[in-house]
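Student: Chain B: place on chain A using the hints.
Residue numbers (the working numbering), protein chains in the order written: chain A, 1 to 373; chain B, 374 to 667.
One should not assume that every hint holds.
Stated by the list, open to error - Derived contacts from chain B toward chain A, CB cut-off under 10 Å, selection only:
{"hint": "1", "residue": "R562"}
{"hint": "2", "residue": "L564"}
{"hint": "3", "residue": "A566"}
{"hint": "4", "residue": "I575"}
{"hint": "5", "residue": "G660"}
Think of the hints as simulated: they come from the structure by calculation, not from any bench.
The beta-carbon is built from N, C-alpha and C at its ideal position, and this holds for glycine as well.
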Amino acid sequence: MERTTEKQSKISTERPEPLIGRLGIQGLTKSFGEKVALDGFGLEVEGGEFISLLGPSGCGKTTALNCLSGLLEPDGGDIELDGESIVRVAPEKRRFGMVFQNYALFPHLSIVRNVAFGLEMDGVGKAETGERVEEVLAMVRLEEHRDKYPAQLSGGQQQRVALARAVVTRPRIILMDEPLSNLDARLRLEMRTEIRRLHQTLGLTTIYVTHDQEEALSLSDRVVLMSDGAIRQVGPPKEVYAEPASAYAAGFLGYRNLLPVKVASVEGERATVSTESGVELSGTLRDDLAADDEAVAAIRPEDVGVLASDHKEPGSVPGTVELVEFLGRDSELNVKTSFGDVVARTDGDWSPGASVSLVFPPERLLVFPGEDR
Amino acid sequence: MTGAARSKSRWGIDGRLVLLLGPALVLVAALFVYPFLYGVGVSLTPAQGREGIFSSYAAFFGDARERASIWNTLRIAIPVTLANLLVAVPLAYRMRRPLKGQRPISAVFVVPMTLGVVLVAQGMLTFFGPAGWFNKTLMAVGLVEEPLRLVHNYVGVLISLFIAEFPVVFLLLLGYASGIDPNLERAGRMLGAGAWQRFRRITLPLMMPGIAIAAALSFVATFAVFPSAVLVGEPAGSTRVIALAAWQAAYERFDYSMGSAIAITMAAIELAVVAAILFGRSRLYRGPSTGGKG
Chain A
1 MERTTEKQSK ISTERPEPLI GRLGIQGLTK SFGEKVALDG FGLEVEGGEF ISLLGPSGCG
61 KTTALNCLSG LLEPDGGDIE LDGESIVRVA PEKRRFGMVF QNYALFPHLS IVRNVAFGLE
121 MDGVGKAETG ERVEEVLAMV RLEEHRDKYP AQLSGGQQQR VALARAVVTR PRIILMDEPL
181 SNLDARLRLE MRTEIRRLHQ TLGLTTIYVT HDQEEALSLS DRVVLMSDGA IRQVGPPKEV
241 YAEPASAYAA GFLGYRNLLP VKVASVEGER ATVSTESGVE LSGTLRDDLA ADDEAVAAIR
301 PEDVGVLASD HKEPGSVPGT VELVEFLGRD SELNVKTSFG DVVARTDGDW SPGASVSLVF
361 PPERLLVFPG EDR
Chain B
374 MTGAARSKSR WGIDGRLVLL LGPALVLVAA LFVYPFLYGV GVSLTPAQGR EGIFSSYAAF
434 FGDARERASI WNTLRIAIPV TLANLLVAVP LAYRMRRPLK GQRPISAVFV VPMTLGVVLV
494 AQGMLTFFGP AGWFNKTLMA VGLVEEPLRL VHNYVGVLIS LFIAEFPVVF LLLLGYASGI
554 DPNLERAGRM LGAGAWQRFR RITLPLMMPG IAIAAALSFV ATFAVFPSAV LVGEPAGSTR
614 VIALAAWQAA YERFDYSMGS AIAITMAAIE LAVVAAILFG RSRLYRGPST GGKG
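Chain A on its own, in the form it takes in the complex (with noise of 0.2 Å):
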């Protein structure tokens, strides 16, 4: 780790040039009997970018990064790498790189076989096979462990050959499969930088699977936002974030008040909605909405304000603190309000049972359809 500033020097700011031009996927589909795990998926990438697949399980993330890595044949649709369609071609001649969940290091091979692997496939020479080799084991610093074998090694470390693996062929892309989820939250962040670090220093064109939020938007150039095998959003992270399309999209994207109301009036960008239990709240439209509509009004738990229950605002909705949970900066509250539990994150200092107001700020409330999931 003591090493890890003197290295961090070297990334250039400036992305080194893209191995390829554009990946166009069009309309991919793939069924596994009766269940449709891919419905139409499609997606221009430029190279060079670093794309985020987001969703829960079974939204069909991996069913498409595995229909890239030609894994799996789709049932339809088709995969375009700089005009030239790929989808028939075998994997082992696609030339793309992947990252497994579960890392598949070679076991019975040294980490520095492992690495070499892809470039004795390809026929690289003996002499420029080490040369790249020790280059790419110094860039995920791992020289020290050249001759050990996987088994040997931490989750983070053989991560990290995975990685270098995957890289050291310069693979036109590369394709990662929730390549965090089993390490610990600590090596977690630890890898997240490692893995931004990679990408920015060697312009690879990289897909990534995830489902949790905070690395899709930490990594990424844009994210793909899927539920149900189709894409419902796709952005640039500070945009998903802050402009979730769906009340579905907000509830992936940290949004974990999701009320179900009914429009009360409109009026332009503005909109007053009415909570089951018949409180009245104001909110910010994000799609058209005419009054009575049934609708979904999302808010992030940070978004809302808690002040005590004598200190009236108009709006403020009456609450009793039901559940404290102490997250070092701040606290999450679990108020209980006449239309359910409310999730607000606050740095006052409350307890259980206590009567508070809750504040709902109209520019951060957003009211969706309600259908919409």
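Tutor: Coordinates of chain B only, in the frame set by chain A:
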């Protein structure tokens, strides 16, 4: 508590736990160590008309016909073991992932194990005999003009032992092959390895420890061949195997000393081969066959 703590040895094992090994040790001693030592003793006791403690061994190795039984046995055990591996390795590799019809296919491979050597020999005599279905078919198709001699000779013993030992070898290897993380081959594919290279560089090395064990088991079982050498072989000639030589010495000539000497020689050869295989195995990679955290 204190009693248990006191009886802990310096390896931290409760001394009383060793007692649990007692019954097993008694069994091993009674069924293996004692007969073996007894046999060594008998083999070193000269029979009438011979002198010196190694005279029975000398008599065995000094007689060309007796000595040839070692070669006769190796000539059966080695090819059968190799043939078993050669067929079982690709099959196990092919079946490492569940296939359609896995159960009936496995059953076909495994049933011979339940039949016993004598029944298999019985079946072989009629099926592979001069008037059996096998030869009839070959002649009907016009592949041969005269029936092939497939029983009562060397080939018959090979076939019979192949049938008898194949299930063990196959099942053992299937266990090893299906225990290999399928992601390893996927990783190999993504790194540009074709089907042969994936087998050669990933799966085969990970199956090697299992192949070594299967080879050892198959060799020992076939080296001790007795019934099929008599039933479908040529016990007076090419398939006069070492077990048969020992039996004839002990129970036809009642020369227990020489019979024991032959049996001990047989055990020594088996041990040497198994030791060589296990030594080779100890130099292989023998760790987990998965590629990381599950």
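Student: For each hint, tell me whether it holds in the structure or not.
Tutor: Okay, the hints, checked on the actual structure:
1. Satisfaction of the interface hint for B/R562 is found here, the shortest Cβ-Cβ separation to chain A being roughly 5 Å, below the 10 Å cut-off.
2. With its C-beta approaching chain A no nearer than about 4 Å, B/L564 sits inside the 10 Å limit, and its interface hint holds.
3. Annotation: interface hint on B/A566 holds; nearest CB of chain A at approximately 5 Å, less than 10 Å.
4. Nearest Cβ of chain A to the Cβ of B/I575: about 6 Å, under the 10 Å cut. The hint holds.
5. Below 10 Å, beta-carbon pairs count as interface contacts, and B/G660 has one with chain A at about 5 Å; its hint therefore holds.
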